[in-house]
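Participant: Starting from the given sequences, assemble the full structure and let the hints guide the process.
Top line first, the protein sequences correspond to chains S and X.
Mind the numbering: the first sequence is residues 1 to 306 in my numbering, read in order.
Mind the numbering: the second sequence is residues 307 to 622 in my numbering, read in order.
FYI, nobody ran anything at the bench for these hints, they're computed from the structure.
If you're wondering where the values come from, they're calculated on a predicted model, not measured in any experiment.
Treat the hints loosely; a few may be bogus.
[Unchecked claim] Heads up, incomplete: computed chain X residues facing chain S, CB under 7 angstroms, no partners named: (1) Ile463; (2) Leu474; (3) Ile478; (4) Ser586.
[What the hints assert, rightly or not] Stretch-level coverage of chain S by chain X, calculated; a stretch enters the list once three of its residues show a Cβ under 8 angstroms from a Cβ in chain X: (5) 17-23; (6) 140-148; (7) 257-267; (8) 280-291.
[What the hints assert, rightly or not] A few chain S residues that don't get close to chain X, going by computed Cβ distances all over 12 angstroms: (9) Ser11; (10) Glu50; (11) Leu55; (12) Asn69; (13) Met94; (14) Asp128; (15) Arg152; (16) Val156; (17) Leu160; (18) Arg219; (19) Phe246; (20) Lys250.
Glycine included, each C-beta is placed from N, C-alpha and C at the ideal position.
Each chain is listed here by its residues.
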Amino acid sequence: MLRYTVKRFLSMLLTLFLVATATFFLMHAIPGQPFEISRETPESVREALEKEYGLDQPVWKQYLTYMNNLLHGEFGTSMKYKGQTVAGEVTGGMPVSAIIGFGGVLVGCIIGSVLGSIAALKNKGVVDYVVIILAILGVSVPNFVFGSLIQRYFAVEWSLFPIQGWRGWTYAILPIAAAAFTNIAYYARMLRTSMLDTMGQDYIYTAKSKGLTQGEIVRRHMLRNSFLPLVTSLGPMCAGVLTGNFVIEKIFNIPGIGQSMILAIQNSDYTMIMGLTIIFSFISIICYFIVDIVYGLVDPRIRVAK
Amino acid sequence: MSEMTNTAAIDQAALTDDLFTKDDSAYVDADRMTRPSLSYWSDAWRRFRGNKVAMVSSIILLIIILMAIFQPMFSPYDYDTNDLFSINQAPSAEHIFGTDDLGRDIFVRCWEGARVSLAIAFVVAILNGTIGILYGGIAGYFGGAADNIMMRFCELIASIPQMLWVVLLILIMKPGVLPIIIAIAVTGWIGMARLFRGQVFQLKESEFVMASRTMGAGSIWIIFKHLLPNAMSPIIISMANAIPGAIFSEAFLSYIGLGIPLPMASWGVLASNGANKLLSYPYQLFFPALLICITMLCFNLMGDGLRDALDPRMRQ
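Facilitator: Here's what the structure looks like:
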């Protein structure tokens, strides 16, 4: 297990390095100069700005400075707003995004897996059909449509919850519900398939012929095996949580990092986009790493295979 | 000696055909008991046809595609002509889906949008399929170091969330139909490559591949003539699932402001414009969203039907 962990860790470091490099050169591939937006900018001002951001240096030198800064945890500053740093945006927005994101995953995961399990155990029952319909709706309705709809009905028409903003826990309910919607459908479907799959395994027949009760079979043999795919899916899910949910933060006007990214895109704030992209990628790579390790712990077959 | 000549004589003289009746009771009945043998594809088609939900979904999709092709040709309105005397009109006989804030007919814009959105989705699915099959086929077939390096490369691309790839690439290429297709396809092919590689790994050790190799078949021949047809069903299922994914990605891009440039229409553009005016003119979101939902629903149900029809484990 230790060897596996070390190996995965080293390959994670390599991936981080390559991703940072790729992002740097991608951003340099954007056509046009960063500071030629307004035509009236005098040449001297532009040159001063470029000097300020180190853009007058040759590309390889910029790359080295940039890598060096990354190593020291400096992810860059905004090109559009003086004094705004990537790190500042992230520390400000991350907790908010995390509340919405984790809330959405947690609610979705719990409701989804309970529904999915019941659907599989009571195959062809009422819950089963509800889960099937829900699962199909969950992948058929774009999340901004669903978010806009619950905002209109629950907040505007019936005034049950605040419409938008971020000033207390009641402001989190609708966004979390919107984020949970797709997750409920996703987990319900996954658990249902995985439970049905486990049910057909030989060891379940063995358990049954040994004389175990239905409850005991479910508890001791089925749940553990059926929840494996759930663990793998949590990696990308957690990455999505921390990187914020662009769409939901935009609908409910929540100051998370998804909003920062959208703002940066709309302002063509390249240094900000680059910094945020790198942070998002780092988070997702680290989440994948953690999940791989957890998966190795939960399922010994993985360690052997690698 | 004499016996032999005797038989020959009898043969010629007495044994005419009408002395015999054909007794085919034994084998004809045995033949009748088995049904005519079906090829894999006709069997799959038979099962797909029997699946009512999947058939209805396919027919609805066909109607949507036909409407997308023909409606804008015969509509009295243009998708990009403003009519400032009929702004934000509710649905009526004149404008079935109403008009938007520039007085454009939403009905025709919906079908024009269907053209763009569906075209993007189909091209993305085909690109994903082609690149994924070539890449996964090569990696899986040759295995070893080549496979290791190629799959590492996939992991690297997949380690940046898809959404970020799309955003970065659109920023580099400027919004448009082609950049959106490229941006969605950049990460999209990886799933297909992994899938086909896994299939190739399973199949390349099988007897028929060995037999083919013994007869001197080259790698390209084996990959395309033996491995690909045998892995066809998961590939088709995965391509059918790529289409709704691409429609979603396009809608997402439009929603964060990186979609198709105006005055062009796509479902994403229409729905995100509608979402912004949900409070005052709900119908402007309702119709595009309804179309997206129906299309996604049908693609998903058809995909499920395809899976049931093509998955060999479902064969009876």
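Participant: Looking back at the numbered hints, which does the structure fail to meet, lowest number first?
Facilitator: 1, 4, 9, 15, 16, 19 and 20
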